[in-house]
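Undergrad: The lines below spell out each chain.
2 protein chains.
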Amino acid sequence: MAKRSFPLSKVYILLESGPVVMVATAWASKMNVMPMSWHTMMEFKPPLIGFVMSDQNYSFGPLTATKECVINIPTIKIAEEVVSCGNVSGARINKFEKFHLTPKPAAKVKAPLIDECYANLECRVADKSMVEKYCFFVVEVVKAWIDPAVKDPLTIHHMGKEDFMIAGKTIKIKPKMN
Amino acid sequence: MAKRSFPLSKVYILLESGPVVMVATAWASKMNVMPMSWHTMMEFKPPLIGFVMSDQNYSFGPLTATKECVINIPTIKIAEEVVSCGNVSGARINKFEKFHLTPKPAAKVKAPLIDECYANLECRVADKSMVEKYCFFVVEVVKAWIDPAVKDPLTIHHMGKEDFMIAGKTIKIKPKMN
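Top to bottom, those sequences are chains A and B. The numbering of the first sequence is the numbering used here, which starts it at 1112 and goes up by one. The numbering of the second sequence is the numbering used here, which starts it at 1112 and goes up by one.
If you are wondering where the hints come from, they were derived from the structure by calculation, not from laboratory data. Please note that the accuracy of each hint is not assured.
One copy or any two copies: either way a pair holds, since identical chains are not told apart in the list.
[To be verified] DMTMM-like mimics (lysine to aspartate or glutamate), calculated; alpha carbons at most 25 Å apart, straight line: (1) Lys1188 with Asp1274; (2) Lys1287 with Glu1154; (3) Lys1121 with Asp1263; (4) Lys1209 with Glu1243; (5) Lys1287 with Asp1238; (6) Lys1239 with Glu1154; (7) Lys1283 with Asp1263; (8) Lys1280 with Asp1263; (9) Lys1239 with Asp1166; (10) Lys1114 with Glu1227; (11) Lys1285 with Glu1154; (12) Lys1114 with Glu1208; (13) Lys1287 with Glu1227; (14) Lys1221 with Glu1273; (15) Lys1188 with Asp1263; (16) Lys1121 with Asp1274; (17) Lys1285 with Glu1191; (18) Lys1254 with Asp1274; (19) Lys1141 with Asp1274; (20) Lys1178 with Glu1154; (21) Lys1219 with Asp1238; (22) Lys1272 with Asp1258; (23) Lys1254 with Asp1238; (24) Lys1209 with Glu1273; (25) Lys1285 with Asp1226; (26) Lys1114 with Asp1274.
Source: prediction; values computed, not measured.
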């Protein structure tokens, strides 16, 4: 996909609707990726994102050690790959090879962009104070990319187990006047 | 709406797809409500939710003082009311009256359930350690309610400014076998 740079001030638009994202890490030349739904915006400027990554996940080690990751936003096109990535551990296999995902170099971090995802957020860990208690990381988005060809991304939204809500249409809702 | 009790172990299903929610508070017999999108699940058992509420919001005072709130989940049916509630301050008006929202008594907290919302989560503040730095509250869901008549809730998902994505269809996505 031909990506263009996306303004950091608009990153919240990509995330606050709650899409499943894929967190990519790289550590000692080994890359990994895992799906995640427990994330929230925390600040507009600089854009801060908070998310929970269990210390039972293989990615927890690389994220903690390198303090870098890329939050990639997939669409229905690779939904099976997303779910599959959550079903196996990066400790045992190379998920990029197994699920035919294409890593591309990021601009500011060593973790890879996933080419098949329509948006990619390069992140650095900004606050680890809630990691011990909740496995909750606060990261700063330092560079964002988007595929301008994707107008209404059919993001997937987890509803428990194998159930996913696919993004419906986007409408304008205005406040009532009176 | 005729609500039934909803298992706390399944609360995550209601929230992780990223719906706009309405946070209700009650303080000294004054009720208020505001929409919010910056929330995430943080733990399954007990269900913990983290969310950002700016200290510029009127609700920040009541939430901090009472350590209680109800997270109500609306659908497209009251989308205009939801947006309107985010456009005015509870310091000046009674939003329940102005926007014809019906407060109902909760079982475990003083903040009200919003009857027009298909699900309601009664919450108590569990951790304030990130409030000063990020206005980030961690709350525990102590009681949950749902309208069993609502099968595929058309939740609304904020995409910035006046843009909202309406929940599309829910499908099963299974991992690839091989």
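Undergrad: All hints, please: hold or fail.
TA: For each hint, the structure was consulted:
For the homomeric pair Lys1188 and Asp1274, the shortest alpha-carbon distances inside one copy (16 Å) and between copies (23 Å) are both at most 25 Å. Taking the closest pair of Cα atoms, Lys1287 and Glu1154 never come within 25 Å of each other, the shortest separation being 27 Å inside a single copy and 36 Å across copies. In this assembly of identical chains, the alpha carbons of Lys1121 and Asp1263 lie at most 25 Å apart only when taken from the same copy (16 Å versus 30 Å across copies). In this assembly of identical chains, Lys1209 and Glu1243 lie within 25 Å of each other by CA distance neither inside one copy nor across copies; the values are 32 Å within and 44 Å between.
For a Cα distance limit of 25 Å, the shortest separation of Lys1287 from Asp1238 qualifies neither inside one copy, at 39 Å, nor across copies, at 35 Å. Within a single copy, Lys1239 and Glu1154 get their C-alpha atoms as close as 16 Å, and across copies as close as 17 Å, so both meet the 25 Å cut-off. Taking the closest pair of Cα atoms, Lys1283 and Asp1263 come within 25 Å of each other both inside a single copy (14 Å) and across two copies (21 Å). Taking identical chains as interchangeable, the C-alpha atoms of Lys1280 and Asp1263 lie at most 25 Å apart whether they share a chain (8 Å) or sit on different chains (15 Å).
Taking the shortest alpha-carbon separations for Lys1239 and Asp1166, both the intra-copy value of 13 Å and the inter-copy value of 23 Å come in at or below 25 Å. When the C-alpha separation of Lys1114 and Glu1227 is checked against a cutoff of 25 Å, the pair qualifies only within one copy, where the shortest distance is 11 Å, while the shortest distance between copies is 42 Å. For the homomeric pair Lys1285 and Glu1154, the shortest alpha-carbon distance inside one copy (24 Å) is at most 25 Å, but the shortest distance between copies (34 Å) is not. In this assembly of identical chains, Lys1114 and Glu1208 lie within 25 Å of each other by CA distance solely inside one copy; the values are 22 Å within and 48 Å between copies.
Within a single copy, Lys1287 and Glu1227 get their C-alpha atoms only as close as 40 Å, which misses the 25 Å cut-off; across copies the closest is 17 Å, which meets it. Within a single copy, Lys1221 and Glu1273 get their C-alpha atoms no closer than 32 Å, and across copies no closer than 36 Å, so neither meets the 25 Å cut-off. Proximity of Lys1188 and Asp1263 under a CA criterion of 25 Å is satisfied in both settings, with 13 Å inside one chain copy and 23 Å between copies. In this homomeric assembly, Lys1121 and Asp1274 come within 25 Å of each other (Cα to Cα) only across copies, at 13 Å, whereas the closest approach inside a single copy is 29 Å.
Taking the closest pair of Cα atoms, Lys1285 and Glu1191 come within 25 Å of each other only across two copies (6 Å); inside a single copy the shortest separation is 36 Å, beyond that limit. When the C-alpha separation of Lys1254 and Asp1274 is checked against a cutoff of 25 Å, the pair qualifies only between copies, where the shortest distance is 24 Å, while the shortest distance within a copy is 31 Å. With identical chains, the CA atoms of Lys1141 and Asp1274 are never at most 25 Å apart, being 31 Å at best within one copy and 39 Å at best between copies. In the homo-oligomer, the alpha carbons of Lys1178 and Glu1154 lie at most 25 Å apart both inside one protomer (19 Å) and across protomers (22 Å), since each shortest distance falls under that limit.
Proximity of Lys1219 to Asp1238 under the C-alpha cut-off of 25 Å is restricted to the intra-copy arrangement: shortest distance 18 Å within a copy versus 34 Å between copies. In this assembly of identical chains, the alpha carbons of Lys1272 and Asp1258 lie at most 25 Å apart only when taken from different copies (21 Å versus 29 Å within one copy). In the homo-oligomer, the alpha carbons of Lys1254 and Asp1238 lie at most 25 Å apart inside one protomer (18 Å), although the nearest pairing across protomers, at 31 Å, exceeds that limit. For the identical chains of this complex, Lys1209 and Glu1273 are intra-copy neighbours only, at 21 Å inside a copy versus 41 Å across copies, given an alpha-carbon limit of 25 Å.
When the C-alpha separation of Lys1285 and Asp1226 is checked against a cutoff of 25 Å, the pair qualifies only between copies, where the shortest distance is 22 Å, while the shortest distance within a copy is 35 Å. Taking the shortest Cα distances, Lys1114 and Asp1274 sit within 25 Å of each other only across copies (23 Å), while inside one copy they are farther apart (30 Å).
Violation of the numbered hints given earlier is confined to hints 2, 4, 5, 14, 19; the remaining hints are satisfied by the structure.
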